[in-house]
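Just so you know, the sequences run in chain order A and B. Quick note, this note's numbering runs 113 ahead of the 1-based positions in the first sequence. Quick note, this note's numbering runs 6 ahead of the 1-based positions in the second sequence.
Derived by calculation from the structure, the hints in this document are not laboratory data. Computed from a predicted model, the values in this text were never measured in an experiment. Check the hints yourself; a few may be wrong.
[Unchecked claim] Dumping the calculated SDA-like pairs for lysine to any residue here, alpha-carbon to alpha-carbon at most 25 Å:
no., chain 1, residue 1, chain 2, residue 2
1, B, K166, A, A495
2, B, K166, A, E366
3, B, K166, B, A53
4, B, K166, A, A520
5, B, K166, A, R386
6, B, K166, B, R352
7, B, K166, A, D521
8, B, K166, A, G505
9, B, K166, A, V474
10, B, K166, A, R356
11, B, K166, B, W69
12, B, K166, A, R438
13, B, K166, B, C295
14, B, K166, A, G192
15, B, K166, A, L379
16, B, K166, A, R445
17, B, K166, B, A285
18, B, K166, A, G450
19, B, K166, B, Y289
20, B, K166, A, D118
21, B, K166, B, L292
22, B, K166, A, S233
23, B, K166, B, D299
24, B, K166, A, L385
25, B, K166, A, A375
26, B, K166, B, G296
27, B, K166, B, G231
28, B, K166, B, P228
29, B, K166, A, E416
So the chains spell out like this:
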Amino acid sequence: MTPADLLALGPLAAWGVAAVLALLACPFTSLGRVRALAAAGLLGGGAWAWGQLGAGAHEVGDLLVVDRPARLLWMYAAGGGALVLALLEDAPRETAVLLVVSALGAGVLGAATHGAAIVSSLALVSTPLIGAIAGRARDADALGAAYIYLILAGVASAATGLGVALALAAQGTLASSGPVGQGDEAAVAGATLLVLGLAFEVGAPPLHGWVPDVYRAAPPAVAGFSGTVARSGALLALARRLRAEALPPPVAELVVPVLAGAAVVLGALLGLRQRSLRRMLGCSSIAHGGFLIAMATADAPLEGLLFYLCAYGAAVLAAFAVAARLPPAAGRAELRGLLGRRPGLGGAWALALLSLAGLPVTGGFAAKLLMFGALAHDGQWALIAAAGLGTGLGLVMYARFGLPVLADPGPEAPRLRGAGPWARAALFLLALAILWLGVAPPA
Amino acid sequence: MLVALLLLPFLGGLAALGAGRRRPLVARGVAFGALLLTSALGLTLLAGGAADGPWLAEVDAPWSRGLGVRFHLVADGFALALASLSGGLGALGVLASWREIQTRLGLFHLAVCWTVAAAIGVFLAADLLLFITFWEAMLAPAFVLIALFGHGAAERSALKFLIYNQVGGIGLIAATMALVAGAETLTFDAYALAETPRSPAVQVALLLGFSLAFLVKLPVIPIHGWLPDAHTDAPTAGSILLAGVLLKTGAYGLYRFAPLLFPDAAAALAPAALGLGVAGALYGGLVACGQRDAKRLIAYTSIGHMGFVLAGTFSPSPLARAGAGVEMFAHAFSSSALFLMVGALRERTGTTDMRALGGLQARAPRLAAGFGFFAAAALAMPGTANFIGEALIIVGVFQDAPVAAVLLASALVLSVVYATRLLRSTVFGEGAGEAPLADAGRREMAGAAALAVLVLGFGLQPQILLDAIRPDASSAPVAPRAGPPPKGASTSTVAS
């Protein structure tokens with residue numbers, strides 16, 4: 114480690130310091146203050162990364178590379194994490210600390226170029242999330258979701274570990290610049306296992322089983338975190354592997370696209386039958402995980418992937434900000450007439466669903482065009498067909514949960530939970546972001 | 007000024023939403039006024055536009071430079087005429103819903119106005135990304151219109167509409183992106199993209215994807231499944247906008263962009279398009295004959311008439327292309343008017359089942375007269391604009407494909423059958439109840455009269471419409487009604 118390495122990794126170090134300070138503060142103060150401390154640390158690190166945005170790429174040994182996409186990802190994780198913290202209510206104070214640690218893991222993962230860095234940072238993302246999902250652990254559903262997540266995280270961790278070991282055996286190195294053994298079964302198996310581990314964190318099949326349960330039962334802000342910040346690192350790591358051609362061709366050209374297509378179609382199909390709006394958001398997350406992996410496969414600048422993350426993140430966090438105000442098991446009936454009763458909440462929900470569905474004029478629409486543009490540029494027609502089918506089916510899922518909001522309010526309205534000023538401000542910002550990303554997408 | 011064409015209905019919708027529940031009359035009035043003004047503005051631009059360039063009006067501003075997207079709107083006579091048509095039919099829809107819609111007025115008028123605004127955007131956009139944006143923006147308000155304000159299984163029908171059109175839209179998006187990826191410079195401008203030469207094979211592949219969205223919207227069999235349900239279950243205003251405006255966006259997309267972007271492919275695929283068009287004309291007519299629900303019947307006639315439009319659009323004959331242009335307007339007038347009539351009937355009797363209707367001539371003579379007139383237009387009676395459109399298409403198609411022309415002419419026979427059936431079961435015959443019905447009111451009569459004037463006016467003086475829309479500005483001037491009808495059989499049936 115040279116001083117230059119430390120400087121490049123400064124933003125991550127700031128998050129680490131913030132996590133430690135926030136943890137030390139936990140016994141003495143309220144959730145609000147712990148949140149503020151954690152958010153300040155995240156945003157400070159994000160601002161630092163912003164300041165370094167113009168600096169060149171810096172390689173930290175074989176392990177990490179701090180380049181423009183990595184710094185953009187850190188900014189994304191800082192902003193997204195801070196918004197999640199603003200939405201975090203009714204959770205143990207330690208949850209805020211756990212989320213910062215998980216964001217730190219995602220930050221490292223996004224810069225990882227080395228197999229060992231991927232394995233260790235993947236665990237750093239998922240382990241704190243187990244605790245965060247369980248919340249106060251009074252809620253049996255949340256505890257159950259945490260168990261499912263724990264088990265699948267263990268499987269994913271084992272898969273990546275074994276995958277890296279196989280890759281090391283086959284190729285003699287774990288650096289992404291290492292040669293790829295053509296037709297070497299061990300290399301193919303190793304890379305496949307590694308991809309499966311990353312796909313777990315993205316929420317794509319075959320280890321996607323945790324997503325609907327976690328979305329349904331975890332504290333809403335934590336569920337939003339798992340769909341935005343937690344998956345971002347794994348996506349960037351996967352995209353880096355693909356771009357460095359560090360994955361054997363059968364994996365890069367078959368396994369990953371099939372995984373993306375399967376996620377898109379499976380998520381949309383599962384979403385058709387959901388009654389709970391949070392579970393629906395989980396299915397939508399699986400489908401969008403597929404779109405994100407599809408973007409990762411496209412031979413386009415990584416900024417596109419980050420734009421998709423931003424657009425999807427704004428929509429899903431806004432959706433969870435609204436869901437947090439409704440009963441945990443809320444379905445279509447609870448949404449009925451929301452626009453008439455609470456125009457702000459109803460409007461934000463409609464906007465979030467429009468964006469998730471990829472309709473104009475929202476960030477989701479711009480992201481959808483960007484994705485199809487990248488895929489068409491690469492000529493990946495099969496993936497385009499799957500994505501088209503997924504978007505069409507997905508529309509039904511969003512329409513089913515979007516329409517009741519516009520309908521006449523029923524006679525009995527469910528009680529809405531109140532929200533603090535930070536959560537309100539965050540929802541307003543998110544709605545603004547959805548529109549802004551749609552009207553004026555940055556180049 | 008072109009921006010005003012978009013802003014008027016957009017802001018009108020917002021104002022109506024604001025007036026909403028508390029002042030129902032203001033909401034209706036604002037929406038009606040904004041849409042009528044839109045139509046008038048379109049006509050003013052059409053009449054007074056100085057055509058020193060290729061366009062009557064143009065707006066070009068950068069939108070996102072990094073992505074090569076520009077806010078580029080262009081308008082020729084055809085686009086402006088369609089924009090006025092959209093505004094006018096939107097206003098008609100507001101009139102038609104005066105009594106039908108009583109709840110959530112603000113949202114209803116927002117949906118009507120925004121559907122019109124997005125459709126006008128489709129007609130004007132020259133930048134393909136902008137075009138796609140407007141294209142997709144039509145979906146949400148139209149969906150809300152059908153799902154929330156419709157009858158029967160409205161939500162199911164609206165979802166069907168959404169899925170079909172969204173999947174079709176993906177074809178458009180993917181092909182556009184491939185088109186842009188293959189161009190020399192990063193641009194989405196349709197007229198700049200048209201300059202990049204492409205091999206015929208690539209063109210065919212791209213055209214197939216590109217036109218998927220249009221063929222779904224048109225619709226062409228076998229991807230028409232959404233239309234009968236959506237038309238039947240939509241509120242009257244929704245049916246009017248679907249038939250009069252949304253179907254036209256599909257036809258317009260093919261008409262404007264297929265020959266421009268993919269000239270070789272459009273020529274190569276012309277026989278297939280003709281086949282699909284003929285199949286649609288026959289299928290729509292045949293199935294319409296077997297319907298029991300008046301709205302469903304009209305919906306199937308739309309498939310038939312749009313089959314004519316498809317056949318004319320891809321025909322090499324300028325005559326047939328001109329006919330397709332005329333038919334687009336004629337169908338918009340006649341089918342909207344029929345939906346208006348059926349909607350009025352539904353308001354009074356609570357049903358659109360033809361077995362439960364009947365005896366209108368005695369019970370509501372003015373409604374009966376309206377039915378009679380527009381049913382005649384739907385069967386392309388000489389003297390109506392529909393006759394001009396269909397006759398031009400048949401004559402034009404006959405030059406290259408006589409068999410197809412004969413088949414199209416026989417579709418006209420079917421139109422006589424279904425139009426008579428519609429009349430027999432509504433205007434004539436015994437009604438389920440003999441109680442006199444409230445006859446058409448001033449609003450309904452005004453709307454129907456305006457459409458009747460247009461149908462007759464363009465039927466007797468089609469040159470006005472042809473001059474305005476100039477369906478083929480480059481080709482020789484079109485002489486309507488010049489050629490002899492291809493088959494004595496068809497004209498004699500039409501006249502009978």
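Now for the hints, and whether the structure bears them out:
no., hint, verdict
1, B:K166 <-> A:A495, "24 Å, holds"
2, B:K166 <-> A:E366, "34 Å, violated"
3, B:K166 <-> B:A53, "40 Å, violated"
4, B:K166 <-> A:A520, "19 Å, holds"
5, B:K166 <-> A:R386, "16 Å, holds"
6, B:K166 <-> B:R352, "23 Å, holds"
7, B:K166 <-> A:D521, "22 Å, holds"
8, B:K166 <-> A:G505, "10 Å, holds"
9, B:K166 <-> A:V474, "22 Å, holds"
10, B:K166 <-> A:R356, "40 Å, violated"
11, B:K166 <-> B:W69, "33 Å, violated"
12, B:K166 <-> A:R438, "31 Å, violated"
13, B:K166 <-> B:C295, "24 Å, holds"
14, B:K166 <-> A:G192, "38 Å, violated"
15, B:K166 <-> A:L379, "20 Å, holds"
16, B:K166 <-> A:R445, "19 Å, holds"
17, B:K166 <-> B:A285, "22 Å, holds"
18, B:K166 <-> A:G450, "23 Å, holds"
19, B:K166 <-> B:Y289, "20 Å, holds"
20, B:K166 <-> A:D118, "56 Å, violated"
21, B:K166 <-> B:L292, "23 Å, holds"
22, B:K166 <-> A:S233, "47 Å, violated"
23, B:K166 <-> B:D299, "19 Å, holds"
24, B:K166 <-> A:L385, "13 Å, holds"
25, B:K166 <-> A:A375, "23 Å, holds"
26, B:K166 <-> B:G296, "22 Å, holds"
27, B:K166 <-> B:G231, "8 Å, holds"
28, B:K166 <-> B:P228, "14 Å, holds"
29, B:K166 <-> A:E416, "35 Å, violated"
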